Structures are given as C-alpha cells and as structure tokens.
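S.K.: Chains as they are written, first to last, in this note's numbering: chain A, 1 to 489; chain B, 1 to 228; chain C, 1 to 616.
Worth flagging that the hints you see were computed from the coordinates, not collected in a lab.
Check before you lean on any hint, since a few could be wrong.
Unchecked claim - Distance condition first, Cα-Cα at most 30 Å in a straight line; then the derived DSSO-like pairs of lysine-lysine: (1) C:LYS94 - A:LYS359; (2) B:LYS32 - A:LYS198; (3) A:LYS100 - B:LYS32; (4) C:LYS482 - A:LYS359.
Nothing here was measured: the structure is a model prediction, and the numbers come from that model.
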Amino acid sequence: MVNPVLLIAVPLGLAFSLPIFGLISKRLEKYLPVIAMLFNLSLSVYLVPRVLTHPIIVYIGGWAPPFGIDLFVGPVGIFFSVIIALVGLLVSIYAMDYIKEGDTGKYHVLFLLLLTGAQGVVLTGDIFNLFVFYEILCISSYALVGYLRDRDGLESAIKYLVQGSIGTGLVLTGIAFIYGLYGTLNMADIARQINSIKPAANFITLALIITGLGVEAAIFPMNAWLPDAHSSAPSSISAILSGIAIEIGVYAIARVIFTIFGATDILSFVALVGIITLLVGEMSALKQNNIKRMLAYSSTGQIGLIVFAFAIATSYGIEAGLFQILNHSLSKALLFLAAGYMIYRTGSMEISSFEGMGKRMPLTSLGFTIGAFSLIGLPPFAGFASKFLIVKAALTKGGGLYTCLIALALVATVIEGAYFFRVVQVLYFRGSNENVTRQEAPVVALVPFFVLAVLIIAIGIYPGPVMHVLNSATSEFVHRIAYIQGVLR
Amino acid sequence: MRKIIALIFLAILLWGITKPVSRIPFGTNKIKVAEHYITKDITETGAANVVTSVVVLYRGFDTLGEVTILFIAAIGLASILYLPRKKVSDEVLEESSLILRTGCRFLFPLILLFGAYIFVHGHLTPGGGFQGGAIIASGFALIFLSCRERVVSTVKLGVVESLAGMTFVAVGLIGLATGGYFLLSFLPKGTLNMLFSAGIIPVIYVAIGFKVGSELAGIIGNLMERTQ
Amino acid sequence: MSLEMLLVIAFGGAFLTYLLGKLSPVLRDILAVLLTLVILAIVALFYGRTGESSFMNFLGFNLSLRINTLSWLFAIAVATLGSLSTIFSLSYMKGKERLDFYYLMMLIVNASMLGIVFSGDLISFYVFWEIMSWGTFLLISYNRGPALAAGLKYIVMSIVGSTAYLLGMFSLYASYSTFNIADIASRISTASPGYLLSVLVLFSITFGIKNALVPLHTWLPDAHSEAPSPFSAVLSGILIKMGTYGFVISMYVLVGIKALSHLGHGILSFHFMLAILAAVTILVPTFIALMQDDAKRVLAWSSIAQVGYIILGIAIGTSLGFAGGMFHFLNHASFKALLFMAIGAVEYRTGTRDLNSLGGIIKKMPFTFMMTLIGALGLIGFPLTNGFVSKWLIYKTLILGKDPFLAFVALFGTWGTILYAYKILHNIFMGQLPEEYKGVEEAPFSMKFPMVILSIIIILFGILPGIPLKVINVIGVSLGFKSLAVNIWGIASDTGALNTINIFSAILVSWIVVWLIFKAAPTSLRVEQDNNYAAGSYVPTGRYLYTANFYAPVYRIIKPYVIDVVDIFYMALAGAVRTLCDWTRRMYTGELGSYVMYIMLFLAVLITMRLGFNIW
C-alpha cells in the first residue's frame with residue numbers, strides 16, 4: 001500500500017530540489033509543480049476508495065500517538081487533498097505561461113510549498129503539526145502576494161504579514177495553553193480529555209485559536225487583509241489563495257470546533273458570524289470596479305456562507321459546507337484564472353476595460369461566465385447543488401434563527417447576482433464589438449479553464465459521486481468519538 | 001482614543017488569558033507526553049539530549065516543517081528583493097578598520113568550526129542544527145561586515161540549502177522505504193554518549209546545520225546587496 | 001417518445017445548432033427551424049397523455065417529469081410560439097452579430113420552458129426556471145445599450161423571485177420530506193391555513209415577478225422593449241405566462257381548490273387579495289401604456305395589463321373564471337406575439353418604432369397592417385376574435401361573483417386598451433407617409449408566415465372557442481372545478497350562454513346592412529391626402545401631418561395618476577442599497593492599525609461574552 005505521507009514528502013522534496021533543477025535548466029522549473037501536483041492528484045484519487053472504508057492513520061517515524069505525530073487520512077483529509085491537488089495542478093499548468101516576470105524559480109518553489117502546507121494541514125492529526133504546516137502555507141502566501149514587487153503588492157503583503165502573524169501568534173498561544181492544560185498535542189488525545197467548553201480555560205483557549213485561524217480563513221472582522229492581498233497578488237496566486245488557502249482556514253476551524261473541542265454551544269454564534277461575513281463581503285463587492293477586488297470580496301462572502309453551513313452542524317449542514325468548499329474552489333479558481341488573462345491582455349483591472357472580451361477572448365469569457373454562474377448558484381452548475389444543500393440544511397434544522405439567517409444569505413445571493421451579471425454584461429454586451437480581433441489566452445491557460453468548466457457542469461448535473469465522499473467526510477466531523485477511537489486504538 | 005481602545009482590548013485579553021494560565025499545573029510533575037519523553041527517551045532513541053530527540057525524532061515532522069518555513073522565508077525574501085539585472089553599484093565602499101578586518105579573518109574559521117561542533121554534537125550536548133547553523137551564519141555576517149568587497153555566491157548557498165533540504169526528505173523517505181515509517185530512525189542507536197549514536201539524529205542535524213547556515217547567510221547576503 | 005427524450009432533443013438540439021453555426025449559418029438556420037418544428041410535432045402528439053416518470057437522481061432526490069393536460073396546454077403554446085418566433089428570426093436577425101449565440105439562447109429558453117411545464121417536482125421546476133431566467137437575461141442584454149440596464153433589472157428581480165421560491169420549496173420539504181408536486185399535494189390538505197398562506201405568499205412573489213403582477217412588474221417594460229423583437233414575442237407571449245403556470249400549480253395543484261377556499265374570509269381571503277392585485281395590474285398599466293411613444297413599450301405595458309386579466313380570472317377561482325383566465329392566457333400569447341412580430345417587421349423595414357415619427361406605412365406594408373389590425377382587435381376583445389371570448393368569460397365571472405368593482409375595472413381597462421390599440425394602428429400605419437420611409441417594402445415571407453399562423457389562430461379561436469375551451473375544461477375538472485357545458489361554439493349555461501355562431505351571424509348581418517347602406521348612398525369622391533389637407537391651395541412639401549401627443553386631453557387627465565410609483569420606489573431602494581454597500585465597504589480603511597484592531601475586537605468580544613455575560 002502506498003503511504004499517504006508521500007502526499008507531503010514528495011512535493012516537499014521536489015520543492016527543495018527545484019533550485020538545483022533550476023541550475024540545470026531554467027525551463028525545467030515550471031514543470032516540477034505540475035509533476036508534483038499530478039503525483040498528488042493521482043495518489044489522492046487512488047486513496048479515495050480505501051479511505052472511505054476506513055481512515056488510514058500514519059505514524060511519522062514510527063512513534064505512536066500521542067508521543068509522535070500522526071497523519072489522519074480520513075475522508076475529510078482526502079477530500080481536501082484531492083481539491084488541493086486538482087486546483088494546484090490546474091493553476092500550475094496555467095502558471096507555466098502566465099508567470100514570466102521576476103525570479104520565476106522562486107515563484108515555483110513558493111507555490112509548491114504553499115500547496116504542501118495546505119496538504120499538511122488537512123492530513124495531520126497533531127495540532128502543533130497543523131500549526132507548522134499552517135505557517136508554511138501562510139508564509140509562502142505572504143511572499144507570493146508580494147511577488148510582483150509593485151507598490152500595491154508589497155504594501156498588501158506587509159499588511160497580510162502583520163495580520164497573519166498576529167493570527168498565528170494567537171493560535172500558538174492557544175496551542176500552548178492546550179499543551180499546558182492537557183499535556184498533549186495530539187488532536188484525538190486532546191479531544192478525549194476535553195468534554196465541554198464550559199470551563200473558562202477551555203473557552204478562552206478555543207477563542208484564541210478560532211480568532212487566530214479566523215484571520216487566515218477570512219472570517220469577519222478578521223478578513224481585512226484579504227481584498228488587498230488577493231487583488232494585488234499574481235492571478236494564479238489569487239486563484240490559489242481564494243480557491244484553497246482560505247478554505248484550509250475554514251477546515252482548521254471546523255476541525256478545532258468539531259473534533260477537538262466538540263464545541264457545539266457556540267455554533268449559533270458562529271452561524272451569525274458567517275452570515276455577517278457573507279453580507280459584508282457581498283455588499284463590499286457590489287460597487288467594486290476592480291475585477292480582482294470584486295472577486296476577493298466575493299471570496300469573503302463565500303467563506304461566510306461556508307462557515308454558516310458548517311455552523312448548522314447537522315450532517316446536512318456540514319455536507320453542504322464541504323460541497324460549497326468544492327464549488328467555491330473550482331469556481332473561484334476559474335474566475336481568477338480567467339480574469340488573470342483578461343487583465344494581462346488589457347493591462348487594466350477595471351471591469352469597464354473588459355468590453356468586447358466576449359469576442360476578443362471568447363473561451364476565457366465563457367470560462368468566466370461559467371464560474372460566475374456557478375458561484376451565484378444557477379443550475380445546472382455546481383453552485384446550484386451546494387446552495388441547494390445549504391438552504392435545505394438550514395431549513396430542515398428548523399428554528400427561527402436559522403430561517404432568518406438563510407433568508408439573509410439569500411439576500412446576499414441577490415447582491416452577488418447583481419454584480420456578477422453586470423460583469424457578464426460587460427464581457428459580452430457592452431461597448432461595440434467592431435475592430436476587436438481575437439486574442440485568445442494560450443493553450444496552457446485554456447486547459448485549466450476547460451477542465452474547471454467541465455467539472456463545474458459535471459458536478460452540477462451529477463453530484464452523486466461527490467456526495468458519496470462528502471457523506472463519509474461529514475460523519476468524520478459529526479462522530480467525534482469515532483475519530484478519537486480511530487487514532488488512539 | 002485609539003490607544004484607550006487598544007488598552008481596553010489588551011486588558012480584556014489579559015483577563016481572558018489569566019483563566020487558562022491559572023489552570024496550568026506549573027511546578028508539578030510533567031504529565032503524560034512530557035513524562036514519557038523524560039523517562040523513556042534514552043531507551044527509545046539512544047540520544048543523550050532529550051530535547052534533541054524530541055525535536056528530531058518524536059516530532060521530526062515538525063522540524064521538517066520548521067526547516068521548510070525558514071527555507072520559505074529565505075526564498076520569499078530573495079524573490080521580493082530580486083532584481084532583474086544585477087548591477088552592483090560602483091560606489092566605492094568605505095574600508096572597514098584594520099582591527100575589524102584582522103579580527104574577523106581570525107575568527108571566521110573558528111566560528112565555522114564551533115558551529116559545526118554544535119550541530120554535529122546535537123544529540124549529545126545542548127544545541128543542534130538550528131543553533132549551529134545560526135552560529136555559522138554569524139560568521140558570514142562578520143565577513144560581510146569586514147571584507148566588504150567580498151561577495152558570497154547566493155547560487156552556491158542556494159545549492160547547499162537545497163541539498164541539505166533534500167537530504168532531510170531523503171532520510172525520511174529511506175525510513176519509509178526500509179521500515180514503513182516516514183522519518184523512521186533506521187540507523188542503529190549505537191552506544192549512548194558516542195558521536196555515532198542516536199540513529200538518524202546526527203545526519204539530520206548536519207543537514208539542518210548546513211541548511212540553516214546557508215539560509216541565514218543567504219538572507220544576510222540578499223539584504224546586503226546594493227543597487228544604485 | 002418519452003418526455004426525457006423531448007428535453008434531450010430540445011437542449012441537445014440547441015447546442016448542436018450552436019456548433020453547426022460555426023460551420024455554416026444557413027445550416028444553422030435550417031436546423032433551428034427544424035428543431036422547433038420537430039418539438040412542436042412531438043408536443044402535439046403528446047395530446048391527452050398523462051403520466052409521470054423519474055429521470056434522474058439529484059442529491060438523493062428523484063427528479064421526475066410528468067405530463068397532464070395542464071402542462072400539455074402550456075407546452076403546446078411554448079412549442080408553437082417557439083417555432084414561429086424562430087422562423088420570424090430568420091430574416092429579422094439576418095446580418096446581426098453573434099447569431100449562433102442568439103439561436104442557442106433562444107432554443108435553450110424554449111427548451112427550459114418545456115422543462116418547467118413538464119416538471120413533476122419542485123426541484124426540476126426550479127432548475128428549468130433558473131435556466132430560463134439566465135437565458136432570458138442573456139437574450140435581453142443582446143441588443144446592448146439601454147438593454148443592459150433592462151437585463152440587469154430583470155435578473156436581479158428574477159433572483160429575488162428565485163430566493164422566495166427556494167424558501168417556499170424548502171419549507172414544504174421541511175414539512176413533507178418530498179419535493180414531488182403530486183406527493184405534496186396529496187398530503188397538504190391537513191396543513192394549517194397560516195402555513196399554507198406563507199408558502200403561497202412566497203410562491204406568489206416568485207411567480208408574480210415573472211408574471212409582472214403589480215407591484216412586481218417593473219422589469220417588464222424595459223425588458224420587453226429592449227429585447228430583440230422575436231424574443232419579445234416569446235417573452236410576452238409565453239415566458240411571462242410561466243408565472244401564470246406557477247400560480248396555477250401553486251394555488252390549484254399544490255394547495256388545491258378546497259384548502260385555498262379556507263385561506264381567509266371574504267375580502268381578506270388569499271384569492272380575493274390576488275384578484276385585487278390583478279385588478280390594479282389591469283388598471284394602472286393600461287393607462288401607462290396609453291402614454292408611451294415607443295410601440296414596443298406600449299405593448300410591454302399592455303402585456304402587464306393583460307396578464308392582470310389572466311390572473312384575475314384564475315384568482316377568482318370559479319370554473320368559469322378559471323376557464324376565462326386560461327383561455328386569455330392562450331389568446332394573449334397569440335395576439336401579443338403577433339403584435340410584437342408586426343412591430344418587429346415595421347422596425348425591421350423602417351429602423352424605428354417611435355410612434356411619433358412613423359406614419360402612413362399602410363401603403364407600403366398593407367399585409368403587416370392587416371396583421372396588426374387582427375392582433376389589435378384580439379387585444380381589444382372584438383367579437384370574432386379569441387380575445388372577445390376570454391374577456392367575455394372573465395366579465396361574466398366577475399358579474400356572477402357579484403364583484404362590481406372588479407368588473408368595472410376590467411371594463412375600464414378594456415376602454416384604455418381600445419385607445420392604445422388604436423394609437424398603435426393609427427400612428428404607425430395611418431396618416432402621412434414620411435419622406436424617409438418612401439422606399440419601405442413589405443415584410444419578407446419568413447416574417448409574414450408566423451404572423452399569418454397567429455392571425456389564423458386568433459380568428460379560429462374567436463369563431464370556434466370550443467376547441468381550446470374543451471381542453472381547458474378537462475384541466476379545470478382535473479383540478480376540481482365544476483365542469484362547464486362546453487360546445488364547439490362556446491359555452492352553454494343557464495346564466496347566459498356564449499354562442500359565437502349567433503355573434504358571427506349578427507355581425508355578418510350588420511356588415512351586409514352597412515354595406516347595403518353605403519352602396520345605396522351617393523358615391524363619394526376619393527381625394528388624395530395632401531389635396532384634402534391644403535383644401536385645394538398650395539400643398540406644403542415635406543411632412544405636415546404629425547401624430548405626436550395623440551390623446552392630449554386624455555393625457556392631461558390621467559398624467560398625474562399614472563406614474564409608476566413602484567419603479568421609482570425600487571430604483572430608490574436600489575440606490576439606497578448601493579449607498580449602504582459602499583458604506584460597508586469603507587470599513588476596510590486600508591489602515592493596518594484598524595485592521596489589527598478588528599482582530600482584537602473579535603477576540604475581546606468572545607472573551608467578554610464568556611467571562612462577562614457567561615454566555616455559553
């Protein structure tokens with residue numbers, strides 16, 4: 001049997017060796033992330049059926065938990081792993097042509113490490129190890145945001161760095177308290193000892209960790225770094241940050257709340273925060289003229305929706321949240337990638353400069369449109385299925401609070417529809433189409449568009465296979481005891 | 001106004017933090033994991049230095065991650081400071097004083113040696129790869145200070161850095177291949193307190209020492225780089 | 001042929017048409033027309049079929065398609081208008097840009113409408129509904145310029161509607177654990193009136209928006225006037241009737257006629273409130289239509305008003321009213337589509353649809369004039385056109401139901417209808433032919449053909465109303481209405497029968513009488529228009545006969561009352577929302593200090609809530 005630790009070790013090793021390959025030939029550098037992600041994708045997909053029957057627990061260095069570090073490769077982990085590898089693969093294919101400026105070798109190293117960090121976070125079963133991989137993810141994203149070395153990029157990288165560091169500092173403080181209080185860092189072992197968050201000590205620890213992780217997960221009001229960072233990073237990085245990084249933050253929060261603390265008491269508060277995040281994000285996006293800022297604000301909104309879905313905490317809710325993560329990863333990656341080449345062709349991020357894109361870059365525009373429609377939640381795209389599940393979860397949960405909140409969420413959808421449809425109009429119908437020549441994005445960029453668009457439609461029409469994985473993933477979150485027993489046999 | 005609000009927030013934070021802090025059993029016997037490390041360590045790892053065995057063996061995966069973080073910091077800094085065409089400014093640098101120059105030339109090999117000692121003996125005495133690497137980097141810092149006309153090749157540092165990182169991963173993969181566990185201590189434990197003991201700890205610490213040394217030196221080198 | 005196959009053909013054919021357009025535009029046009037005709041034929045063959053079959057499993061729910069007479073009636077209207085407007089498009093759209101896209105969207109919208117009426121459960125209904133919505137959005141935006149704002153307005157309102165639908169659908173699911181319409185309908189009778197009312201109100205928002213019921217109508221005037229004319233015909237003819245279908249489904253299929261009658265008492269009952277809304281929908285838009293100077297805007301406002309009649313008939317909820325409403329839906333589909341096509345033909349030839357600058361086109365386009373005349377007569381409800389029969393049924397219902405106010409409103413609306421229908425006829429076709437339109441030709445065959453078909457339908461159903469009324473009666477009976485005594489000439493009933501054969505003979509006789517009188521009278525001298533105008537003296541050159549400000553005295557009277565307050569309100573609301581959004585955005589000041597403060601604020605709030613207030 002193949003060991004899932006390779007999902008982390010192989011990209012890491014390739015990232016370390018990338019500078020040496022770069023010495024051999026500059027052109028080799030850009031293929032390494034592709035190879036690494038291809039490997040990860042095939043391995044993750046290969047592992048899916050095994051993991052669904054029972055989770056694989058890997059001991060690093062042969063030390064049994066809680067003394068050593070373990071990887072818990074459950075349905076949740078493998079679900080995220082597939083998403084990371086898939087989106088990572090497509091974005092790295094895209095970046096082969098897109099990234100031309102700067103020290104490209106360093107870009108590819110950082111990009112690969114960012115994905116490695118994300119892989120580590122979702123697979124690990126140890127909270128400090130989670131923190132370490134989380135730092136890998138964060139620090140490489142700080143550097144990548146500033147990669148273009150323009151004023152905006154550097155400014156937002158610094159802002160991101162400061163806020164991110166405060167966040168990780170809080171997480172670390174929380175982990176220190178956990179270690180002090182319970183003498184262990186293994187998540188299952190901590191979970192075994194924590195029965196409720198009623199004691200103030202537990203609650204404060206939880207609050208520190210949630211706040212800290214909330215910064216990276218872009219939960220309101222800790223999401224102020226996001227619009228700057230996502231809009232000034234190179235588009236391929238924006239796609240990764242929006243499509244993967246913030247979802248990893250949400251995963252970490254879900255893991256902490258559901259598995260470690262079993263903190264069902266605060267979920268209605270979390271739901272409220274999620275809806276506020278959603279509303280603030282969508283409302284901020286409405287009047288944006290900068291396409292990437294608009295997409296960035298929309299990302300915070302979508303994160304709010306995901307958080308809300310998780311906070312419903314019934315198995316329907318978690319399932320819906322995971323589905324929305326999948327949808328958001330695919331759609332937002334597609335949107336950022338498509339927008340990236342449009343910006344590249346026009347040299348401007350103003351939405352109004354995209355007039356006539358429908359003729360100039362028809363496939364790119366089509367990709368953007370599909371992504372936008374999916375994000376709004378129109379059938380037959382993937383977004384419909386996820387929004388459907390979220391509304392279903394909220395209304396079957398019952399209770400006035402959730403009904404009101406889902407009504408607010410749907411109001412946010414209206415706002416979201418308004419600004420996305422406006423962009424679609426600009427792409428296809430605004431301005432005159434005369435004197436527009438076709439300047440399509442290169443083939444390496446079209447491949448990711450095509451794959452993402454096909455996936456969005458396929459999942460939208462046949463969500464069955466995905467739901468199969470999501471069901472198991474949901475039960476991993478819901479059945480805390482099973483998780484603990486699985487690790488501490 | 002803002003300061004007052006900040007103070008209020010800090011006060012609330014402090015108030016909150018007192019709760020878990022007051023519950024942590026300071027001064028009592030270490031519980032659970034820590035106790036296990038203290039009592040079982042030597043038999044399990046063969047390393048005289050408990051801290052080292054925790055860092056490299058029990059939590060070796062974290063260490064790999066930390067090394068990666070340092071690597072990212074170095075690479076990230078280099079990518080942000082990257083200049084498309086390197087033009088060393090023609091500005092003539094002020095010579096450093098004779099005392100500094102002589103002292104540095106004298107100290108540099110000794111510092112390198114001391115750094116190497118620290119990471120090679122990581123499993124026996126306090127210290128290890130990170131500390132040793134930092135000492136080595138301080139030697140380079142001295143060189144940058146004293147012999148200002150010297151340029152350290154960032155390419156070579158990068159190669160060392162990469163090779164060291166690959167060594168770490170390779171050691172882990174060998175463990176996976178031979179024993180089925182990533183980062184398994186597949187080498188013999190040896191005799192306690194001997195240089196060649198404690199399994200893979202010395203190998204990994206040597207790699208880390210090289211890696212940290214070259215990374216920190218590279219960071220300093222990057223920051224020292226001048227343009228017009 | 002199963003329903004699934006039909007939808008596969010409809011959707012698949014749409015994409016095939018798109019791809020074929022990349023090869024050859026001619027083949028694409030042929031395929032598009034063929035496809036719609038094939039669909040029409042298949043739907044026609046479905047007549048009388050009932051049944052339900054599940055076609056797909058979506059997220060653990062069976063999606064099913066079902067057919068019965070109700071859905072067949074809507075489907076045949078969709079298929080007919082779909083094929084006629086596609087044929088009309090052939091020359092109307094010729095030479096425009098992005099035709100592949102146009103045909104793709106046109107066919108997708110048609111296919112999704114078929115999907116809507118054949119949906120057996122609420123999910124597939126929603127899916128097709130949404131596909132229709134975004135397809136429509138893309139088509140409305142197609143004309144660029146002001147069409148963009150219209151499209152955006154449409155889609156935003158449409159999403160609001162979908163939101164309401166989702167809430168309604170899931171609250172039904174939460175109670176009955178199924179999305180299947182028939183299953184819900186069989187269990188809903190025990191539900192409490194308050195619950196039913198809330199669900200119905202949610203659905204009414206959705207369908208009211210699509211149906212352009214006042215006060216949810218504001219998207220329609222812009223959208224109808226800005227869309228390409230063949231699509232305006234579809235939009236006005238059948239697309240907004242999907243809202244009507246939704247009303248029928250939610251009121252009479254889901255909730256059922258029995259439970260519906262228990263929702264409130266007297267004036268405060270659900271269907272009476274709906275009827276009042278419908279009455280307002282007739283009254284105000286009719287007179288707004290009168291004030292318009294853009295021919296398509298007149299028709300757009302007229303569509304809102306006519307939909308008011310449909311809903312009025314359906315909302316009253318007697319078998320006669322239901323039949324009248326349903327029949328009026330069919331009729332409106334035919335005559336409004338005809339009118340949009342005729343205006344489209346005029347616009348195609350002259351390049352304008354401004355009522356103040358057109359005139360005298362009758363000399364150049366007599367055929368189009370005839371078609372417009374038939375359409376306008378149908379719209380007014382002139383005897384021997386189908387509009388007469390349906391309006392007769394609606395009036396009769398209102399009078400029998402002792403609703404004098406509603407009956408008066410309906411009549412009053414018809415007077416307004418006569419005025420604006422005449423305005424269209426006169427301003428476009430009568431009067432002096434402006435110099436620039438001297439070279440105008442008659443519409444091409446591909447435009448004439450669909451118009452002829454529609455005008456035949458109008459007259460056929462006007463003379464033989466029994467054909468559709470029989471089908472409608474079957475639907476009514478299946479929904480639990482009393483059966484009507486329908487015969488081929490109309491309806492026999494003890495409170496006054498409708499018999500078109502009598503009307504037909506009466507009109508024939510009066511025509512003969514009039515003709516005889518005119519024959520007997522001294523023959524008049526035919527005088528040319530310009531001769532007449534100048535009374536024999538110097539004839540001015542250029543245009544001297546204008547028809548601007550057509551009903552000036554009427555305008556003066558009604559102007560203060562017919563402001564579209566709702567639209568002004570919505571626009572103000574939209575403006576306020578935008579301002580609010582902008583304010584929200586300003587929270588992200590760009591200053592790092594405050595960002596860090598936000599993080600600490602969140603932590604401090606959490607800690608304070610726990611330690612200070614002991615929440616959790």
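S.K.: Would you mind marking each hint as holding or not holding in the structure?
M.R.: How the hints compare with the structure:
{"no.": "1", "hint": "C:LYS94 - A:LYS359", "verdict": "holds (19 Å)"}
{"no.": "2", "hint": "B:LYS32 - A:LYS198", "verdict": "holds (23 Å)"}
{"no.": "3", "hint": "A:LYS100 - B:LYS32", "verdict": "violated (53 Å)"}
{"no.": "4", "hint": "C:LYS482 - A:LYS359", "verdict": "violated (57 Å)"}
Violated hints, in rising order: 3 and 4; the structure is consistent with all others.
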